[in-house]
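2 protein chains.
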Amino acid sequence: MRVGWIGTGVMGASMAQHVLKAGMPLRIHTRSRAKAESLLEQGADWAETPAEAAEGQDAVVSIVSMPEDVQAVHLGPEGTLSAAHPAPILIDMTTSNPSLAVSIHEAAGKLGVRAIDAPVSGGDVGAREARLSVMVGGEAEAVKEAMPIFHAVGKTIVHHGPAGSGQHAKVVNQLLVASSMIGACEALLYAHRAGLDPERVLESVSSGAAGSWTISNLAPRMVRRDFEPGFFVDHFVKDLGIAMEESQRMGLSLPGLKLAQRLYLGLQQSGRGGKGTQALLLALEELNAS
Amino acid sequence: MRVGWIGTGVMGASMAQHVLKAGMPLRIHTRSRAKAESLLEQGADWAETPAEAAEGQDAVVSIVSMPEDVQAVHLGPEGTLSAAHPAPILIDMTTSNPSLAVSIHEAAGKLGVRAIDAPVSGGDVGAREARLSVMVGGEAEAVKEAMPIFHAVGKTIVHHGPAGSGQHAKVVNQLLVASSMIGACEALLYAHRAGLDPERVLESVSSGAAGSWTISNLAPRMVRRDFEPGFFVDHFVKDLGIAMEESQRMGLSLPGLKLAQRLYLGLQQSGRGGKGTQALLLALEELNAS
Chain R
1 MRVGWIGTGV
11 MGASMAQHVL
21 KAGMPLRIHT
31 RSRAKAESLL
41 EQGADWAETP
51 AEAAEGQDAV
61 VSIVSMPEDV
71 QAVHLGPEGT
81 LSAAHPAPIL
91 IDMTTSNPSL
101 AVSIHEAAGK
111 LGVRAIDAPV
121 SGGDVGAREA
131 RLSVMVGGEA
141 EAVKEAMPIF
151 HAVGKTIVHH
161 GPAGSGQHAK
171 VVNQLLVASS
181 MIGACEALLY
191 AHRAGLDPER
201 VLESVSSGAA
211 GSWTISNLAP
221 RMVRRDFEPG
231 FFVDHFVKDL
241 GIAMEESQRM
251 GLSLPGLKLA
261 QRLYLGLQQS
271 GRGGKGTQAL
281 LLALEELNAS
Chain A
1 MRVGWIGTGV
11 MGASMAQHVL
21 KAGMPLRIHT
31 RSRAKAESLL
41 EQGADWAETP
51 AEAAEGQDAV
61 VSIVSMPEDV
71 QAVHLGPEGT
81 LSAAHPAPIL
91 IDMTTSNPSL
101 AVSIHEAAGK
111 LGVRAIDAPV
121 SGGDVGAREA
131 RLSVMVGGEA
141 EAVKEAMPIF
151 HAVGKTIVHH
161 GPAGSGQHAK
171 VVNQLLVASS
181 MIGACEALLY
191 AHRAGLDPER
201 VLESVSSGAA
211 GSWTISNLAP
221 RMVRRDFEPG
231 FFVDHFVKDL
241 GIAMEESQRM
251 GLSLPGLKLA
261 QRLYLGLQQS
271 GRGGKGTQAL
281 LLALEELNAS
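Top to bottom, those sequences are chains R and A.
For what it's worth, my numbering labels the leading residue of the first sequence as 1, then goes sequentially.
For what it's worth, my numbering labels the leading residue of the second sequence as 1, then goes sequentially.
Hints were generated in silico from the structure; no laboratory data involved.
Think of the CB as a built atom: it goes at the ideal place given N, C-alpha and C, for glycine as much as any other residue.
Fair warning: there could be bad hints in the mix.
[What the hints assert, rightly or not] Covered by chain R, according to a simulated footprint, are these stretches of chain A (three or more residues, beta-carbon under 8 Å):
#1 172 to 178
#2 210 to 222
[Claimed, not checked] Simulated coverage check for chain A against chain R, where a stretch passes if three residues somewhere in it have a Cβ under 8 Å from a Cβ of chain R:
#3 21 to 27
#4 43 to 51
#5 117 to 123
#6 160 to 169
#7 255 to 261
[Unchecked claim] With a Cα cut of at most 20 Å, we get these calculated DMTMM-like pairs of lysine to aspartate or glutamate:
#8 258/R <-> 285/A
#9 238/R <-> 68/R
#10 258/A <-> 285/R
Go ahead and model the full structure; you've got the sequences and the hints to work with.
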């Protein structure tokens with residue numbers, strides 16, 4: 001299976017490498033060619049535009065930053081669907097709007113291209129270790145054909161339904177992460193004020209009903225005052241924005257999401273967009289500064 | 001070690017049984033004697049009052065419902081400290097106020113009794129399997145003497161500092177549970193509205209960065225519409241009240257806690273105090289009923 005690949009950020013670069021190693025020839029496009037050099041040295045071809053990455057391939061994958069990038073990469077003037085012979089399977093693995101996934105699916109369908117949305121969870125570590133959770137939306141037959149790509153990068157691969165369903169499942173994932181992060185920050189803030197040793201507290205709470213991935217993996221970083229990404233605040237603000245937009249569209253009021261969005265927007269506006277999501281602790285500390 | 005034991009509710013009954021089986025003779029008092037019958041048949045003695053349960057024993061343990069019960073059991077006219085020869089070690093395992101734990105410690109100290117607060121986490125299952133997390137506050141020497149009791153009921157036993165520290169650690173635990181529960185409910189509500197299969201969604205999200213004890217253990221109950229306790233809403237409302245009272249006392253503003261308290265109070269006021277904490281889903285569904 002010859003694969004066009006668009007986007008070689010923290011996630012995309014690791015994932016592309018696994019696909020290449022699994023024996024699928026890659027043709028890569030990315031905004032700054034420098035970020036693709038390592039993959040080009042490993043045998044990938046270079047494409048000047050998204051259209052060129054999709055031209056004549058068996059599938060084209062995108063994993064870029066923002067929904068507007070997804071739109072440009074596929075529906076723009078040099079987008080994959082503008083190719084003379086676009087790849088018959090289009091897979092967007094960016095965390096993006098469910099509604100945009102549906103629009104791309106419709107536009108692609110008119111050209112005989114089957115579009116799949118397949119955002120992932122598991123972070124930089126999951127990408128490096130090919131242990132991602134891949135949340136898939138699209139037509140069953142197309143999803144089946146795309147499976148070699150998903151298996152190359154992921155461990156848990158679940159098909160959730162028609163186009164947009166993968167993005168909806170990712171929203172669910174981020175709702176959980178958001179609340180978990182608020183709990184972890186409030187817990188550590190309380191522990192600090194109460195004069196407790198944070199490491200002993202984590203020992204007490206991590207294995208029982210209060211346990212979570214966040215507590216096991218991010219709370220220790222917070223305790224060490226390590227706020228490096230991991231997962232960027234800027235990207236999480238995007239994800240929470242998508243969650244808010246989609247839930248409002250469905251007439252859903254989610255007060256936990258609303259709170260998380262407010263706190264993370266504050267964090268971004270105070271110049272911490274480039275920190276990791278665990279920097280939420282700083283926002284709660286500042287809220288409580290006297 | 002001869003142990004006086006006060007309180008044989010869901011948690012207390014299982015825990016007392018483990019202590020008895022570990023070879024420590026028990027003298028039990030509880031509000032309704034019927035709830036102690038099974039333990040009495042297994043060889044425990046009966047005490048008519050908390051004072052009688054504490055009289056001449058090596059240690060006395062309480063695990064009752066509310067902070068006012070804790071106060072009455074130890075400081076009341078028939079309380080453990082009113083005994084002629086009160087047990088020299090007093091252990092309260094109820095989830096109660098850190099400040100009350102300090103008061104009891106002070107009152108006990110005047111009589112030469114060393115008081116320890118040691119609330120637990122792990123629920124009915126953890127109590128039955130003697131796998132609780134025991135969060136301990138008190139003087140190191142007294143804590144050391146009480147260890148046989150903690151080891152009989154728990155798996156993770158952590159000494160957090162002076163009197164009140166165990167209760168503070170339990171507040172931390174409940175802050176995490178509260179946010180986790182909000183996240184789980186919002187996630188399932190969103191998944192439902194988006195037309196996703198909730199079981200497949202749980203498969204996608206449970207093993208990665210969104211994973212938690214709540215998602216693995218309570219979300220499946222929510223999906224089955226099983227709202228039986230587990231852990232009572234009424235008890236959780238008490239715990240959140242303690243968390244709020246203590247954080248306000250320390251001048252801490254915790255917006256996630258505030259939201260959880262508002263939602264759980266609403267749930268209690270609509271007559272769901274006897275349901276399990278996962279019934280929070282009902283509150284969020286009603287918030288979104290058109």
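Any hints this thing doesn't respect? Which numbers, in order? 3, 4
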